[in-house]
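Colleague: Go by the hints and put chain B onto chain A.
Protein chains in written order, with our numbering: chain A, 1 to 605; chain B, 1 to 95.
Think of the hints as simulated: they come from the structure by calculation, not from any bench. This one's a predicted model, so the numbers in the text were calculated from it and none came from an experiment. Certain hints may be false.
Straight-line C-alpha distance at most 16 Å; calculated EDC-like pairs for lysine to aspartate or glutamate [claimed, not checked]: (1) K416(A) <-> D403(A); (2) K416(A) <-> D24(B); (3) K246(A) <-> D274(A); (4) K409(A) <-> D24(B); (5) K409(A) <-> E29(B); (6) K416(A) <-> D25(B).
A short list of chain B residues far from chain A (calculated; beta carbon distances all over 10 Å) [said to hold, decoys possible]: (7) P16; (8) I20; (9) Y31; (10) E34; (11) V36; (12) A41; (13) F51; (14) L72.
These stretches of chain A come out as covered by chain B in the derived footprint (C-beta under 8 Å, 3 or more residues) [unchecked claim]: (15) 386 to 397; (16) 404 to 414; (17) 418 to 428.
For each residue, glycine too, the CB sits at the ideal point set by N, CA and C.
Residue strings, one per chain:
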Amino acid sequence: MRWGGRRAIPLLLAAATLLPIAALGWLSARILQQDRAIERQRRVEDLKLTAGRLALQVEGRLAGIEDQLAKGRGIRFTAEGLSPGILYQPETIQAAQVPAALFQEAEAAEFQRRDFFGAARRYRRVAESPNPAIRAEALVRLGRILRRQNDRAGALRVYAELQQLGSVSVGGQPVGMIARQVRYRLSETPGERDAFRQALYSGATKMDRATFEFYRDMLRDWGGPAPPASEVARTEAAIALWSRWKAGDLPAHGREFTGHTGVRTLTLWTSGPDGHPTARLATVPELETMLGPLGESQGLEISFADGPQKEGTIVMTPGETRLPFFLRVSARGGRLAASAFGSGRTVLIAGLAFTFALMLAAAYGLYRATTREMALVQQQADFVSAVSHEFRTPLTSMRHLTDLLVSNKVPGEERKAQYYELLAHESERLHRMVESLLSFGRMQAGSSAWRLETADAKELVLSVAEEFRRAPRSNGRDIVCEIQDNLPPIRGDREALSRALSNLIENAGKYSEPDAPIRVSASRAGDSVHISVEDRGAGIPRNDQKKLFERFVRGDEARLAGVRGIGVGLALVKSVAEAHGGSVRLESEPGRGSTFTLVIPCHES
Amino acid sequence: MSRILMSRILIVEDDPAIAIALEDDLRLEGYAVEVVHDGEAASKRARETPFDLVLLDLMLPKKDGFEVCRELRRSIFQCKDEPETGQGGKGQAAG
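Pulled out of the complex, with its shape left as it was, chain A reads as follows (with noise of 0.2 Å):
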């Protein structure tokens, strides 16, 4: 029942640790479980707070944008088309009207005559005009007699002049687009090829779309690159919309978000008091380079693009944001405001296994003073019988004497001589026992009970000795006391280190033959004295060796080969030595013997 319940102690404790072990790691999990839980529903606030601000921001920059066309900045609607900044126009363009009879004369002397100098001259006088129309038309035929002749700089210079008339079309033409193509011609530079290409796709020449088409063919004949989608598509909805607002049906302002070619655009209206739309388009990829800064200066990604969306985007209906497109948001790089979060997880997780480590120290700890006290307690408990065990045998073995003694049946006078050494005896062992256990008592009170005097260690070793061989428990064993010369003195409590000395002796006597001598020495070795007291006994097991001077324990040896004893001898010679500011050192080896030596240091004078 003892043993079973003190095995489970060691249980009960594991079990009353890592029940709360187990139930605050599992606190902790979900507590990190709520955490995590609670910041990510925070990033999304978070996220949809600033995506609320970013939505305000591209509604801001929509509306400046409409003040602007409410001054008339953006491409104009007329009844004949658009102004400059697409590709090209909704409807075909007429070439201009210029009276035949202006250049009657020069085709003459040019075509007939083969007067190239005269039809130059009167071109050249025609090209005076104040009219674009016509000064286009006379350049044009000016441009053609210097090729004719030649005369490659002179053309050079007239398509120069001729390119900056722009978009006065001879023939349905665009004179600006004419000139560069004739420029390409006679240099065939890829610069100007690139001015070319440049004047065509930029918008800023008006032409329709057949003409633009022709350039256009043009152009990847000489190996030059298509249109960019993204201007097509403006040009296309910019079309669309004019096409509306010739039928009539376009609302005097309006936002839209429309797909054209496969590119969707942007599109904002004003129209100003005269019924005139003004509008502006913007591409996917405009839209992208025009808000894509203000989205990144707030840590924000947008996206235009249609599908499945990546994890945390936050997906804005035109209904929430008045614009005319769902805004796509997310945060840059996937994260947002994680830091401070970050650091209080941080903390939590330190503080859980600070107190996990704490819990485990102290169950650990708590474990330590348990067993401790047990064996502890063990031990008092055998020092009780022990103790009671050794005052009852000397006490039972005199009673049954003295009563032999009292009835008078004690046969004999020698006999009773027998019977009163021997009584002699067990008084001088119970003696010694409370002796003993006063000592012990005293040890326990601490050293304030320790009378210390200048003591000579000769002296004292050679009248314990004497009086271990006078006492009736030496049988007789012999003593043998080697005692060096001249020590030094020492300084301690007489009494005190004869009780200790003599329990080494008496230990001795007890652990070893009757007939195998005891050796007790004395010498000096440093600053200290060393009184040794060496036996041919059975020698102590080295895992006896340590716990021998503790307190009720007794060598396992000992207590199967029947020695008396209750635990407490070596106990008060450790405490002895101690007091004296010394020590006690065991040699020991099975089967040869033990020297124990007492260390007392010096009386320094």
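Modeller: Only chain B this time, still in chain A's reference frame:
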């Protein structure tokens, strides 16, 4: 002295005071008493001579009481089962 049949008792006790008191007491009661002081002597004596009673202390020098008891019991069973103890008689009771 009053007893016709003297029972033999072996006292095994290492404490001289207890041993002497027991010895005298039992002798006064009329038993033939013998005293030994350690386990080895006890088992030697008990094997040499049959005793009616062995008073055996447990904690003894050289060999403890349990050991002595075990040895004595074993030797008794040997006498019972094995005839080659020198007596030759079958089923001779040993104790």
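Colleague: Run every hint past the structure and note whether it holds.
Modeller: Okay, the hints, checked on the actual structure:
Annotation: proposed proximity of K416(A) to D403(A) holds, straight-line Cα distance about 12 Å (limit 16 Å). Between the alpha carbons of K416(A) and D24(B) the distance comes to roughly 11 Å, so the proposed pair stays at or under 16 Å and holds. The suggested pairing of K246(A) with D274(A) holds, with an alpha-carbon distance near 14 Å, which does not exceed 16 Å. Between K409(A) and D24(B), the direct Cα distance comes to roughly 9 Å. Compliance with the 16 Å bound is thereby established for this hinted pair.
Taking the CA atoms of K409(A) and E29(B), the gap is about 11 Å. The hint holds against a cut of 16 Å. Using a Cα cut-off of 16 Å, the hinted pair K416(A) and D25(B) holds, with the two alpha carbons roughly 14 Å apart. Chain A draws P16(B) into its interface by the beta-carbon criterion, the shortest separation being 6 Å against a cut-off of 10 Å. Non-interface call for I20(B) relative to chain A: violated, since the shortest CB-CB distance, roughly 6 Å, does not exceed 10 Å.
Annotated as non-interface, Y31(B) keeps its C-beta farther than 10 Å from every C-beta of chain A; the closest such distance is 14 Å. The beta carbon of E34(B) sits about 17 Å from the closest Cβ of chain A, which is more than 10 Å, so the claim that it is off the interface holds. Its beta-carbon lying about 15 Å from the closest one in chain A, V36(B) satisfies the requirement of being farther than 10 Å from that chain. Distance check for A41(B) against chain A: the nearest CB is about 14 Å away, which clears 10 Å, and the non-interface claim stands.
No beta-carbon of chain A comes within 10 Å of the beta-carbon of F51(B); the shortest separation is about 22 Å. Residue-level check passed: L72(B) sits 18 Å from the nearest beta carbon of chain A, beyond 10 Å. Note: the region 386 to 397 of chain A has 4 residues with beta-carbon separation from chain B under 8 Å; the three-residue rule is met and the coverage holds. Using a Cβ-Cβ cut-off of 8 Å, 4 residues of the region 404 to 414 of chain A lie near chain B, which meets the minimum of three, so the contact claim holds.
Only residues whose beta carbon comes within less than 8 Å of a beta carbon in chain B count, and the region 418 to 428 of chain A has 6; three or more means the coverage holds.
The structure is inconsistent with the numbered hints 7, 8, although it conforms to all the rest.
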